[in-house]
Amino acid sequence: MSYLFSYDFRYDDNEYETETSVNQIEVEDRIGKLYCRLVDPQTLSNGGDMDDSKHKLTYPKHEQFIRDAINGLSSIFTALDSSRPWLSFWCLNSLDIMGCEIDDMLRQRTVDTLKTMHCPSGGFWSDPWQLPHIVSSYAAVMALVLVGSEEAFQVIDRNAMYKWLMEMKQPDGSFAVHSGGEVDVRGIYCALVIASLLNIMTPELVRGCSEFIGRCQTFEGGIGPYPGIEAHGGYTLCGLAALEILGDADRIDLGRLARWMCARHMAFEGGFNGRTNKLVDGCYSYWVGGAFPILQKALRRSPKDDYLYERAALQRYVLACCQDTRSGGLRDKPGKNPDLYHTMYCLLGLSLSQHYVGVEPDKEFSDTVSVYSVPVRMMQWGALPAGLQVIGAKSNVVRPVHPVYGAPFAPLARCVKYFYALPPLAESLAQK
Amino acid sequence: MCETGEKCDSGNDNVPMSEQDTWKDVAPISQDDGANTICPIAYTDEYREMMGYLRAVMSKCEVSQRALDLTSRVIVVNPGHYTVWVYRKKLVEELGSNIENELDWVTEISEKHHKNYQLWHYREALVSRLLDPKAVSEMTEEQLVVHPVIRRELFFTSSAIESDSKNFHAWSYRQWLVRTYGVWEQELGFIDTMINEDVRNNSAWNQRYFVLMGDGRGRPTKDAGSPMEGSLADSEIDYATDMIKLAPNNESPWTYIVGLLVRHAPAKLYTVLLPKLKELAADGSEYAAAMKTTPFYWSALVDIYEQQAKDLPDQADDLLAQASEVCDVLATDHDPMRNKYWEFRKDQLVPNI
Numbered sequence: 001m002s003y004l005f006s007y008d009f010r011y012d013d014n015e016y017e018t019e020t021s022v023n024q025i026e027v028e029d030r031i032g033k034l035y036c037r038l039v040d041p042q043t044l045s046n047g048g049d050m051d052d053s054k055h056k057l058t059y060p061k062h063e064q065f066i067r068d069a070i071n072g073l074s075s076i077f078t079a080l081d082s083s084r085p086w087l088s089f090w091c092l093n094s095l096d097i098m099g100c101e102i103d104d105m106l107r108q109r110t111v112d113t114l115k116t117m118h119c120p121s122g123g124f125w126s127d128p129w130q131l132p133h134i135v136s137s138y139a140a141v142m143a144l145v146l147v148g149s150e151e152a153f154q155v156i157d158r159n160a161m162y163k164w165l166m167e168m169k170q171p172d173g174s175f176a177v178h179s180g181g182e183v184d185v186r187g188i189y190c191a192l193v194i195a196s197l198l199n200i201m202t203p204e205l206v207r208g209c210s211e212f213i214g215r216c217q218t219f220e221g222g223i224g225p226y227p228g229i230e231a232h233g234g235y236t237l238c239g240l241a242a243l244e245i246l247g248d249a250d251r252i253d254l255g256r257l258a259r260w261m262c263a264r265h266m267a268f269e270g271g272f273n274g275r276t277n278k279l280v281d282g283c284y285s286y287w288v289g290g291a292f293p294i295l296q297k298a299l300r301r302s303p304k305d306d307y308l309y310e311r312a313a314l315q316r317y318v319l320a321c322c323q324d325t326r327s328g329g330l331r332d333k334p335g336k337n338p339d340l341y342h343t344m345y346c347l348l349g350l351s352l353s354q355h356y357v358g359v360e361p362d363k364e365f366s367d368t369v370s371v372y373s374v375p376v377r378m379m380q381w382g383a384l385p386a387g388l389q390v391i392g393a394k395s396n397v398v399r400p401v402h403p404v405y406g407a408p409f410a411p412l413a414r415c416v417k418y419f420y421a422l423p424p425l426a427e428s429l430a431q432k
Numbered sequence: 001m002c003e004t005g006e007k008c009d010s011g012n013d014n015v016p017m018s019e020q021d022t023w024k025d026v027a028p029i030s031q032d033d034g035a036n037t038i039c040p041i042a043y044t045d046e047y048r049e050m051m052g053y054l055r056a057v058m059s060k061c062e063v064s065q066r067a068l069d070l071t072s073r074v075i076v077v078n079p080g081h082y083t084v085w086v087y088r089k090k091l092v093e094e095l096g097s098n099i100e101n102e103l104d105w106v107t108e109i110s111e112k113h114h115k116n117y118q119l120w121h122y123r124e125a126l127v128s129r130l131l132d133p134k135a136v137s138e139m140t141e142e143q144l145v146v147h148p149v150i151r152r153e154l155f156f157t158s159s160a161i162e163s164d165s166k167n168f169h170a171w172s173y174r175q176w177l178v179r180t181y182g183v184w185e186q187e188l189g190f191i192d193t194m195i196n197e198d199v200r201n202n203s204a205w206n207q208r209y210f211v212l213m214g215d216g217r218g219r220p221t222k223d224a225g226s227p228m229e230g231s232l233a234d235s236e237i238d239y240a241t242d243m244i245k246l247a248p249n250n251e252s253p254w255t256y257i258v259g260l261l262v263r264h265a266p267a268k269l270y271t272v273l274l275p276k277l278k279e280l281a282a283d284g285s286e287y288a289a290a291m292k293t294t295p296f297y298w299s300a301l302v303d304i305y306e307q308q309a310k311d312l313p314d315q316a317d318d319l320l321a322q323a324s325e326v327c328d329v330l331a332t333d334h335d336p337m338r339n340k341y342w343e344f345r346k347d348q349l350v351p352n353i
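As given, the protein sequences belong to chains H and U, one line each in that order. Residue numbering for the first sequence is 1 to 432, as defined by full-length UniProt numbering. Residue numbering for the second sequence is 1 to 353, as defined by full-length UniProt numbering.
For the record, the hints were derived by calculation from the structure and aren't laboratory data. Given the structure is predicted, the values throughout are model-derived calculations rather than measurements. Treat the hints with care, since some could be wrong.
Stated by the list, open to error - Sample of chain U residues facing chain H (criterion: CB under 10 Å; computed from the structure): (1) Ile41; (2) Asp69; (3) Met213; (4) Asp335.
What the hints assert, rightly or not - Derived lysine-lysine pairs resembling DSS-like cross-links, with alpha carbons at most 27 Å apart: (5) U:Lys89 with H:Lys163; (6) H:Lys333 with H:Lys54; (7) U:Lys292 with H:Lys54; (8) U:Lys340 with U:Lys310; (9) H:Lys333 with H:Lys56; (10) H:Lys33 with H:Lys394; (11) U:Lys90 with U:Lys134; (12) U:Lys346 with H:Lys333; (13) U:Lys60 with U:Lys24; (14) H:Lys394 with U:Lys340; (15) U:Lys89 with U:Lys115; (16) H:Lys61 with H:Lys33; (17) H:Lys33 with H:Lys54; (18) U:Lys292 with U:Lys310; (19) U:Lys90 with H:Lys163; (20) U:Lys115 with H:Lys336; (21) U:Lys24 with H:Lys163; (22) H:Lys333 with H:Lys394; (23) U:Lys112 with H:Lys333; (24) H:Lys417 with H:Lys54; (25) U:Lys340 with H:Lys304; (26) U:Lys60 with U:Lys112; (27) H:Lys115 with U:Lys60; (28) U:Lys346 with H:Lys304; (29) U:Lys115 with H:Lys333; (30) H:Lys336 with U:Lys89; (31) H:Lys56 with H:Lys417; (32) U:Lys278 with U:Lys346; (33) U:Lys276 with U:Lys245.
Just so you know, even glycine gets a beta-carbon here, dropped at the ideal spot from N, CA and C.
One chain only, chain H, in its complex shape (with noise of 0.2 Å):
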């Protein structure tokens, strides 16, 4: 079986060399190394032909990768001591997409050490020696929500991350990332995150927030992290998702959106870079891959018009040069070590170039002006069967994944049902 790929895709640089081209051709070369090894040399003249039968995901060495992460780190690791939220989330929710288990054990220990890590004023943080940290808070949050139980959603004081997220709120809509921290779009999308999976939304908490995305598009069509900063890819689903929860994508110029997205797509190497003549990186698989479907919505797309990027080409890239298959893990390219980061955002990236995920039109809530339809909208979302697009081995498949939250369906599911049983947050607010 053979997509769409062509060694004329490669980059002209127009025989005018600069640091940009020559970085972009050396990455090519590289990654060039591992597709002729898959490409009929009897079709080279005509482009070549791929042959895309032979991917296969190496399940078991990535899972050990993240069993041994998970039962200890190397001092090496120390960099990442105050994003200690991290490593959990990082870890459950790449074995959650890969299928495999999370057995009694592990759910536990994640809910012990995820304690450890609650601020009783609202919010996580790594230990009770820091300052609870919005992007830790959301990690935290998905943490528990991929556990699931009881135990775990009450780990979280809700009303008391309610008051923490108000008191990071700023006068223009945006959060700070941490008391006296910077600001900017990823503050808004994991406190919407949070808010909108903890049933804490109201209109005080959303006000602005749109308003601030919006200018945060640039004049290249992307969403940078504050006004007039670049277009980037990280930004952009943090943005988008964002605007997707406040049900107001419309804030935005789609079209111009969907230009930048789709030039982010790199024709030759097949997955997608996170800025302008930047190089390919695997972790822009979920944050412009992972983009695409909340785009399609946006526009109205019918789940009958495919998404406007060659998800087959992702998919190569992902399988054929992002995964490190002799020590497990997957990575940002070839030659670069993997890490859990790249791992779970790779994964993310592939689960959602393999199932086509959206809203069926018919389903689809219109009230979008209140807050408080959020749990309704977020949770139409799912998998539609006929959008199935696997390249290589069948075993290939991994479980499909929400866009907007970066996680698989049924424990998302779980949450919602848990938070919004219990009573709104005004009550339970008069009632402390």
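For this one, chain H is given, so just place chain U on it according to the hints.
Relative to the frame of chain H, chain U by itself:
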């Protein structure tokens, strides 16, 4: 007195803190992760020890030189420890430390950890303290650029960017600097240098838009307002097309000029840009071959024809038909990997009713 903790402590690095006189009155607080923790990090003994003392001084909110020195040591090992930066900021303020020396120290750290969020944010705070933006609001840009604080920051960021030309944090910091102190004019010279070094450096192109148009709604220091002056639009078209000539298959100048005009001078797309592009792509032009093979040229034509159709309803059908044809050519010949996008783009081309 020691201003930079690193130098001060370097002689003692091999002596455990518990044996140092400086720390003998402090009982370190160890981290209790429980036995069952997930992803435990095998900290080095040295890190474990310094964090024990850090927790001890932080829990007392101790304001002292030794605490400041300790934060230096922690940051060198783990610059992502945002809480230490917040603590350090407080220490520097309350101890009345020399801010200039503090900036030098941050510069040293930046050389190793230029992808770190905290140090740039911290730097902003230091510079704002050193030079209150309100206090210099009456100064002209000529005066500001020779002010030692601004001059140092411009120099520091340009060297950071010269060694890593697309450093996201450094460019963002530079936007903060330019916006906060209103040093807009000098920035164009720097941008030119960076674009001349690498015409594909998109961060520099983004900065160009920022300097000319602010955050998309005009420079905060000038009158806001969407439409740009015609002469400015014309000179930007000249600039961008000159850069396109160097290497037509370079997304940056295309996105820049089309994005700029779509937002701020749409009619210039077809009155000024289009004839220039056609000339470059015309038979006999030395750029013709490269222009006609790059998808960016064709993509720009789609945007241009679409705008023209919007503005000139009586020619709309014809223009949209041309744009639609170009989309087909892109999908099949010039940009087949993005064929789905070009089909979508074609469907977007509808007459204004």
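Going through the hints against the structure:
no., hint, in the structure
1, Ile41, "holds, 5 Å"
2, Asp69, "violated, 18 Å"
3, Met213, "holds, 8 Å"
4, Asp335, "holds, 7 Å"
5, U:Lys89 with H:Lys163, "holds, 25 Å"
6, H:Lys333 with H:Lys54, "holds, 19 Å"
7, U:Lys292 with H:Lys54, "violated, 37 Å"
8, U:Lys340 with U:Lys310, "holds, 24 Å"
9, H:Lys333 with H:Lys56, "holds, 17 Å"
10, H:Lys33 with H:Lys394, "holds, 25 Å"
11, U:Lys90 with U:Lys134, "holds, 22 Å"
12, U:Lys346 with H:Lys333, "violated, 34 Å"
13, U:Lys60 with U:Lys24, "holds, 16 Å"
14, H:Lys394 with U:Lys340, "holds, 25 Å"
15, U:Lys89 with U:Lys115, "holds, 20 Å"
16, H:Lys61 with H:Lys33, "holds, 23 Å"
17, H:Lys33 with H:Lys54, "holds, 16 Å"
18, U:Lys292 with U:Lys310, "holds, 25 Å"
19, U:Lys90 with H:Lys163, "holds, 24 Å"
20, U:Lys115 with H:Lys336, "holds, 17 Å"
21, U:Lys24 with H:Lys163, "violated, 40 Å"
22, H:Lys333 with H:Lys394, "holds, 24 Å"
23, U:Lys112 with H:Lys333, "holds, 23 Å"
24, H:Lys417 with H:Lys54, "violated, 41 Å"
25, U:Lys340 with H:Lys304, "holds, 13 Å"
26, U:Lys60 with U:Lys112, "violated, 31 Å"
27, H:Lys115 with U:Lys60, "holds, 24 Å"
28, U:Lys346 with H:Lys304, "holds, 17 Å"
29, U:Lys115 with H:Lys333, "holds, 19 Å"
30, H:Lys336 with U:Lys89, "violated, 36 Å"
31, H:Lys56 with H:Lys417, "violated, 36 Å"
32, U:Lys278 with U:Lys346, "holds, 21 Å"
33, U:Lys276 with U:Lys245, "holds, 11 Å"
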